[in-house]
Amino acid sequence: MRKFIVLATLLLGALSGQAQEKVMNIQKTDGTNAQTRIADLKQISFLAVEAGEQGLIVKTQDGETAFVLFESNPVVTISSGKLIVKSSSAETMRFEINDIAEIMFGNESDATPIRESEGFAFVMQEGSVLIRDIPKGVKPSIYSIDGRSLPTPSYKGGELRLSRVTLGPGIFIVKVGSFSTKIKL
Amino acid sequence: MKKIFLLAIALLGTLQFMAQQPTTMITTLTNGANIRTEVNEVEKITFTDSLFSLNNNGLRILEANELCWPDDRLLPYFPAPASSIKALDMPAASLSDEERVMFCTLQGIVNRTQPRILLYNHNEEPRATWPTAHNLTLSSISTSAPYTLVKQFKDEIKGLVLYSTEKSNHYINLAATIAGLDRLLPVTEAIRTKLVANGMDFPVVEDLTSLTMSNAYAIYNYLYTNYWSRCNHRLLISERPAIPYVHDIGAACGSACVWLDPRTSSERSLLDKFLKDLTPGRDFVLGWYPEERSGVGEATKYGLSSVPGDFFENTTVYTAVNKPIKIPPVPKRPKLENKVYATIYISDGDNIQYCQHAMAKIFEQSGRGQMPMNWTISPALADFSPSMLNYYYGKATTNDCFVSGPSGMGYAMPFNGLAGTSGEYYLSAGAKFIPYTQLTQRYIEKAGLRVITIWDNISSAQRKAFADNCPYLYGLTINDYERQTGRLAYAVQSGWLPIAPQYPCYRGDIEGITDFFNRDIKNFKGTGPMFVTGQADVWNLGPDKLIALKSKLNELSPNNVKIVRADHWFSYYNEAHHLPFNITMLQSMTISSSPSKTTARLAADGSPSDGYIWISRTAEGTGWVKMDFKENYKISRYVIRHAEAAGLAPQLNSRDFTIETSLDGETWTTIGTHTGNTLPVTDASITPVEARYVRVNVTNAGTDGFVRIGDIEVYGAH
Chain H
1 MRKFIVLATL LLGALSGQAQ EKVMNIQKTD GTNAQTRIAD LKQISFLAVE AGEQGLIVKT
61 QDGETAFVLF ESNPVVTISS GKLIVKSSSA ETMRFEINDI AEIMFGNESD ATPIRESEGF
121 AFVMQEGSVL IRDIPKGVKP SIYSIDGRSL PTPSYKGGEL RLSRVTLGPG IFIVKVGSFS
181 TKIKL
Chain L
186 MKKIFLLAIA LLGTLQFMAQ QPTTMITTLT NGANIRTEVN EVEKITFTDS LFSLNNNGLR
246 ILEANELCWP DDRLLPYFPA PASSIKALDM PAASLSDEER VMFCTLQGIV NRTQPRILLY
306 NHNEEPRATW PTAHNLTLSS ISTSAPYTLV KQFKDEIKGL VLYSTEKSNH YINLAATIAG
366 LDRLLPVTEA IRTKLVANGM DFPVVEDLTS LTMSNAYAIY NYLYTNYWSR CNHRLLISER
426 PAIPYVHDIG AACGSACVWL DPRTSSERSL LDKFLKDLTP GRDFVLGWYP EERSGVGEAT
486 KYGLSSVPGD FFENTTVYTA VNKPIKIPPV PKRPKLENKV YATIYISDGD NIQYCQHAMA
546 KIFEQSGRGQ MPMNWTISPA LADFSPSMLN YYYGKATTND CFVSGPSGMG YAMPFNGLAG
606 TSGEYYLSAG AKFIPYTQLT QRYIEKAGLR VITIWDNISS AQRKAFADNC PYLYGLTIND
666 YERQTGRLAY AVQSGWLPIA PQYPCYRGDI EGITDFFNRD IKNFKGTGPM FVTGQADVWN
726 LGPDKLIALK SKLNELSPNN VKIVRADHWF SYYNEAHHLP FNITMLQSMT ISSSPSKTTA
786 RLAADGSPSD GYIWISRTAE GTGWVKMDFK ENYKISRYVI RHAEAAGLAP QLNSRDFTIE
846 TSLDGETWTT IGTHTGNTLP VTDASITPVE ARYVRVNVTN AGTDGFVRIG DIEVYGAH
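First to last, the sequence lines map onto chains H and L.
What the first sequence shows, in the working numbering, is residues 1 to 185, in sequence order.
What the second sequence shows, in the working numbering, is residues 186 to 903, in sequence order.
Hints may contain errors.
Keeping only pairs whose Cα atoms sit at most 25 Å apart, straight-line, the calculated PhoX-like set for lysine-lysine is [to be verified]:
1. LYS42(H) with LYS461(L)
2. LYS28(H) with LYS229(L)
3. LYS229(L) with LYS184(H)
4. LYS229(L) with LYS182(H)
5. LYS461(L) with LYS28(H)
6. LYS508(L) with LYS82(H)
7. LYS229(L) with LYS86(H)
A few chain H residues that don't get close to chain L, going by computed Cβ distances all over 12 Å [to be verified]:
8. GLU50
9. THR92
10. ARG132
11. ILE183
Just so you know, these hints were derived from the structure itself, not from any lab.
In this text the structure is predicted, and so the values were computed from the model without any measurement.
The beta-carbon is built from N, C-alpha and C at its ideal position, and this holds for glycine as well.
Work out the full structure: start from the sequences and follow the hints.
Written out as structure tokens, the structure reads:
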């Protein structure tokens with residue numbers, strides 16, 4: 001018994017201090033961010049009505065993507081550092097949380113890796129986005145979040161920089177060829 | 186609660202209602218809470234590392250900005266309380282006001298990680314009342330050694346904010362604000378000495394004793410300039426310095442704590458700077474003000490309500506007991522007769538400290554239950570302490586009706602209190618009042634309160650805002666307390682919402698109420714129903730005295746006066762005036778259903794709460810409920826509350842269902858077809874249709890196949 005108490009004290013001593021924990025950040029289109037501690041999270045589920053081709057997209061750091069239709073009632077849980085997606089239409093998927101770049105919602109076509117696509121590259125930077133290697137003959141289009149077409153800033157050498165200076169702060173939809181994504185400046 | 190947004194399509198003479206809501210993400214927390222987020226509002230979800238501190242038990246110490254605080258909640262979610270909570274009786278420990286502020290601040294800092302401290306402070310109600318109602322297990326701290334409580338949690342405290350009240354006692358609020366933000370204890374030199382004497386030599390992290398400011402404006406301006414940007418901008422604490430009650434929730438959330446008097450122009454302009462950073466319809470002020478009308482009015486100017494509660498204690502414990510609210514069923518009412526219908530309201534329930542302390546005693550008085558009485562209570566308790574609502578609801582008899590205190594979700598002041606009561610309406614433009622009424626709708630529905638007692642009169646724009654945004658209401662009451670020049674006029678807003686003047690308002694004697702009622706009753710001829718309503722000042726006229734009203738009114742017109750509940754009163758009022766009313770409240774209606782686990786009457790008993798819901802016997806996904814109202818009504822609206830309204834999982838809401846009507850119970854006409862529902866409440870207004878029978882037919886239940894109907898309301902008129 002005495003031995004146990006000594007060990008427990010040592011353990012508690014090791015526990016007190018600083019440690020790390022994962023936090024889930026839900027970034028909203030209005031620019032706000034809602035945080036939930038993973039420790040407080042039981043599950044994420046979806047209520048969908050005629051969601052069509054819409055679904056849940058998990059993008060990993062190495063550019064892999066996985067897509068699950070809302071119609072298949074995906075349920076997301078987190079256990080032992082893994083994000084687990086169960087649904088009625090696919091086998092259970094498991095991801096190391098550390099490997100996940102982001103989770104998005106959209107069509108399967110949105111499941112394109114965000115950084116590399118169709119020969120051009122998106123370089124996300126603080127307050128700006130650099131689109132490199134834009135193929136000749138392809139003109140990037142920019143839209144506001146409510147769908148209004150905005151003038152595309154001038155660019156050359158296949159490089160277009162979008163920043164708060166050129167577009168102002170906000171969320172925009174950028175389309176390059178058949179690829180489109182939302183960016184936040 | 187979110188209402189279904191409906192698209193009506195004329196289809197072969199019937200109406201088809203298709204849910205038009207986007208996919209909803211439901212984040213379920215370990216404490217059972219469900220947070221709804223529309224997926225089209227989400228840019229992306231990422232995971233980041235958060236560096237944090239552990240206490241000696243390996244528990245993560247949460248900072249003020251780390252609590253989960255969804256936009257639709259007044260207060261953040263707190264972790265569930267510990268299995269054993271340390272309890273200290275502060276008056277018995279003979280602590281000074283400054284020491285109590287320190288203990289309350291410690292409580293907030295410790296409890297945001299996990300509720301582990303409960304402080305007795307007021308001692309008006311029996312001490313075990315609320316810990317028992319919240320199923321808490323307590324372990325008492327010796328009142329002869331109160332500082333052992335600090336010692337037990339010292340590893341969660343980083344140091345001290347040292348202040349002195351020599352120049353001004355407002356330094357207490359400044360120190361308490363800083364303490365909450367940085368996990369410090371607000372202390373005077375004398376308290377610091379006691380801490381040291383008890384073996385706790387904390388470092389002084391902030392020393393306010395060298396500051397030279399000596400008045401409220403200067404001290405709170407210092408707070409605004411140096412700390413407001415770090416405080417949450419959702420809950421402002423307005424608390425008289427050295428009143429040690431709501432400092433726990435303030436410290437837990439990182440709220441600013443001020444005591445500014447709007448009657449002084451410099452203090453008003455400073456208070457305005459805090460208020461304008463809060464969001465109408467989401468945020469509020471907790472505590473009280475140096476003066477009622479000017480304080481409440483100033484917050485109202487910004488579309489913010491004030492929750493009176495400067496003596497409300499242990500918020501950080503009671504809010505953490507996340508229990509579903511059990512709204513009591515509403516008794517059925519007899520048919521309308523040519524009688525005098527009287528109803529009486531009991532004042533002051535907007536004040537959550539009254540609900541916690543005085544009401545707990547008054548509710549035990551002898552007259553309660555022997556005559557219908559309307560208890561004002563605060564809808565804010567739905568977040569502050571759901572178990573407190575359940576305590577009163579559980580004890581209530583069918584003669585106890587609960588209604589909202591002024592003016593809905595928190596107290597709002599429609600008049601400009603500084604300009605006098607004959608002056609402008611603050612929110613007549615409506616822009617800021619609309620979010621306030623939207624917030625009110627959410628909380629009166631959560632708390633099950635169908636009537637709001639407004640203090641003062643309200644403008645036409647404010648009336649419209651209530652009618653547009655609070656479909657849960659059966660009625661509003663208004664008054665003219667300040668002027669008492671006569672009774673305000675009865676009115677009906679938007680063709681359905683009755684607005685009744687309380688006459689008298691806030692009377693503390695039976696004779697006065699009888700006299701006011703008799704101004705009408707003496708003219709009663711028995712040729713049609715008559716309606717009278719008034720309010721008793723609870724401090725002078727509790728149920729033990731109020732019960733005498735029964736015989737007093739009977740003496741005025743023997744066998745002609747019926748004292749009824751407020752929800753019945755408004756139902757009678759609307760029926761008498763050929764306005765739509767909830768006909769499921771009628772005693773004469775009968776109800777039947779397909780085979781079920783629970784009785785058919787639960788489908789329309791006035792309560793959507795778990796325990797009072799109708800559930801089909803089998804999991805085949807179908808079921809029906811039929812109501813016979815015994816005579817024909819013009820049906821113009823129906824409301825169905827699904828499983829989620831009972832506190833169950835959103836996935837259990839009925840998906841597809843139809844509403845059918847009949848004149849003879851044989852031939853049925855579909856008046857509404859709903860497909861793909863995911864929301865907790867279906868509320869549909871239709872072109873009035875004549876019918877005696879109404880049937881709700883569910884063809885596709887929630888995901889587990891059992892049909893659940895929380896409650897059905899059908900609105901009809903003659």
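Against the structure, the hints come out as follows:
1. LYS42(H) with LYS461(L): Violated: LYS42(H) and LYS461(L) sit about 36 Å apart, past 25 Å.
2. LYS28(H) with LYS229(L): Holds - the C-alpha atoms of LYS229(L) and LYS28(H) are around 7 Å apart, at most 25 Å.
3. LYS229(L) with LYS184(H): 11 Å, holds
4. LYS229(L) with LYS182(H): 10 Å, holds
5. LYS461(L) with LYS28(H): Cα-Cα ~23 Å, so holds.
6. LYS508(L) with LYS82(H): 30 Å, violated
7. LYS229(L) with LYS86(H): Cα-Cα ~20 Å, so holds.
8. GLU50: At roughly 6 Å from the nearest Cβ of chain L, GLU50(H) sits no farther out than 12 Å, so the non-interface label is violated.
9. THR92: 18 Å, holds
10. ARG132: About 22 Å separates ARG132(H) from the closest Cβ of chain L, which puts it past 12 Å; holds.
11. ILE183: Per Cβ check, ILE183(H) is inside 12 Å of chain L; nearest 9 Å; violated.
In summary, the structure is inconsistent with hints 1, 6, 8, 11 from the numbered list given earlier, while agreeing with the others.
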